[in-house]
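Asks: These are the residues of each chain, in order.
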Amino acid sequence: MITIDPEAFGLMVSHAESTFPNECCGVMLGKNTEDGKRVVAAMPVENVYKGAQEDRYEIRPEDLLKADRTARADGLELIGIFHSHPDCDAYFSKTDLENSCPWYSFVVLSIKKGKFDHAASFLPNADQTAAEKEELTWQKS
Amino acid sequence: MAKVLIPTPLRQFAAQKDSVEVGGGTAGEVLNALTAQFPDLKKNLFTDEGKLRSFVNVYVNDEDIRYLKKDATPVAAGDTVSIVPSIAGGL
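So the protein sequences, as listed, match chains A and B. Going by the working numbering, the letters in the first sequence line up with residues 16 to 156, in that order. Going by the working numbering, the letters in the second sequence line up with residues 573 to 663, in that order.
There's no promise every hint is true.
[Claimed, not checked] Sample of chain B residues lacking proximity to chain A, with all beta carbon distances greater than 10 Å (derived):
| hint | residue |
| --- | --- |
| 1 | 586 |
| 2 | 600 |
| 3 | 609 |
| 4 | 610 |
| 5 | 642 |
| 6 | 651 |
[Unchecked claim] Derived DEER-like restraints, expressed as beta-carbon distance ranges:
| hint | chain 1 | residue 1 | chain 2 | residue 2 | range |
| --- | --- | --- | --- | --- | --- |
| 7 | B | 650 | A | 66 | 37 to 43 Å |
| 8 | A | 49 | B | 591 | 21 to 27 Å |
| 9 | B | 650 | A | 47 | 25 to 31 Å |
| 10 | A | 63 | B | 619 | 22 to 28 Å |
| 11 | B | 649 | A | 145 | 39 to 45 Å |
| 12 | A | 65 | B | 615 | 30 to 36 Å |
| 13 | B | 638 | A | 109 | 21 to 27 Å |
| 14 | A | 77 | B | 641 | 14 to 20 Å |
| 15 | B | 612 | A | 145 | 19 to 25 Å |
| 16 | A | 32 | B | 614 | 40 to 46 Å |
| 17 | A | 150 | B | 590 | 24 to 30 Å |
Calculated from the structure, these hints are not laboratory results. Note that the Cβ used here is the ideal one computed from N, Cα and C, for glycine as well.
Produce the entire structure from the sequences given, and follow the hints as far as they go.
Replies: Following this line, the structure appears as structure tokens:
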């Protein structure tokens with residue numbers, strides 16, 4: 016189970032809406048607790064996919080390295096990755112799966128006509144062949 | 573000794589440590605020393621054929637070893653080795 020605090024979720028949504036109709040991406044920082052993962056901060060990162068970004072995103076590994084350093088400095092942990100699906104539902108696509116990593120939660124934000132519609136979280140496996148849906152709760156600020 | 577930073581989800585395979593000091597003069601030797609000390613890390617980082625998994629990048633300080641000498645990239649005492657995933661996706 017993953018819970019996203021209001022301020023972090025608000026930042027994720029505003030980033031996803033502001034980059035519409037392109038896909039956005041970012042990282043989520045927080046803590047692993049007895050009640051599951053709790054995201055307390057979100058950090059948008061640049062979508063560096065070279066090509067049409069309406070249906071693709073790519074995160075620069077150096078940005079993940081920086082995020083991990085930030086998390087460690089703040090006593091937090093890198094919990095997950097978020098990205099948006101413009102004018103599309105929040106599912107874990109074949110492209111998402113084939114370019115995923117099993118270590119993190121992947122939150123997908125569905126943005127329809129420029130506005131947030133719904134979200135879902137996924138846990139891909141190590142072989143990049145399947146992703147289990149993870150219970151996601153959030154509060155809008 | 574080099575310091576290897578362990579990503580959060582892999583700490584369960586490394587005695588809950590967020591970093592580990594290991595010996596080795598190259599990136600390959602450091603990773604071998606790390607997985608010898610914590611065997612459960614091996615399947616998370618390497619395929620059954622012994623290659624780094626496709627989503628695993630290794631950095632020595634701020635440099636990706638793919639653009640240096642890969643496994644043979646020198647690692648000096650006090651260097652920091654980071655394990656960083658590749659992440660992308662789309663519709």
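Asks: Now tell me, hint by hint, if it's right for this structure.
Replies: Here's how the hints hold up against the structure:
With a least CB separation of 13 Å from chain A, residue 586 of chain B remains clear of the 10 Å interface cut-off, as annotated. Non-interface call for residue 600 of chain B relative to chain A: holds, since the shortest CB-CB distance, roughly 19 Å, exceeds 10 Å. Taking the minimum C-beta to C-beta distance to chain A, about 19 Å, the non-interface status of residue 609 of chain B holds against the 10 Å cut. Chain A leaves residue 610 of chain B outside its interface by the beta-carbon criterion, the shortest separation being 15 Å against a cut-off of 10 Å.
At the 10 Å boundary, the C-beta of residue 642 of chain B stays outside the reach of chain A, the nearest C-beta of that chain being 15 Å off. With a cut of 10 Å on Cβ distances, residue 651 of chain B stays outside the contact zone with chain A, its closest approach being about 14 Å. Separation of residue 650 of chain B from residue 66 of chain A is about 40 Å and conforms to the stated range, judged on CB atoms against 37 to 43 Å. Separation of residue 49 of chain A from residue 591 of chain B is about 24 Å and conforms to the stated range, judged on CB atoms against 21 to 27 Å.
Range check, residue 650 of chain B to residue 47 of chain A: Cβ separation about 29 Å, and the 25 to 31 Å hint holds. Against the hinted window of 22 to 28 Å, the Cβ-Cβ separation of residue 63 of chain A and residue 619 of chain B comes to about 26 Å, which satisfies the hint. About 42 Å separates the C-beta atoms of residue 649 of chain B and residue 145 of chain A, a value consistent with the hinted range of 39 to 45 Å. For the pair residue 65 of chain A and residue 615 of chain B, the supplied restraint of 30 to 36 Å holds, since their beta-carbon distance comes to about 32 Å.
Roughly 25 Å separates the CB atoms of residue 638 of chain B and residue 109 of chain A, a value that falls within the hinted 21 to 27 Å. Checking the proposed 14 to 20 Å range against residue 77 of chain A and residue 641 of chain B shows it holds: the Cβ atoms sit about 19 Å from each other. Take residue 612 of chain B and residue 145 of chain A: their Cβ atoms lie about 22 Å apart, and the range 19 to 25 Å holds. Checking the proposed 40 to 46 Å range against residue 32 of chain A and residue 614 of chain B shows it holds: the Cβ atoms sit about 42 Å from each other.
For the pair residue 150 of chain A and residue 590 of chain B, the supplied restraint of 24 to 30 Å holds, since their beta-carbon distance comes to about 26 Å.
The earlier numbered hints are all upheld by this structure, with none contradicted.
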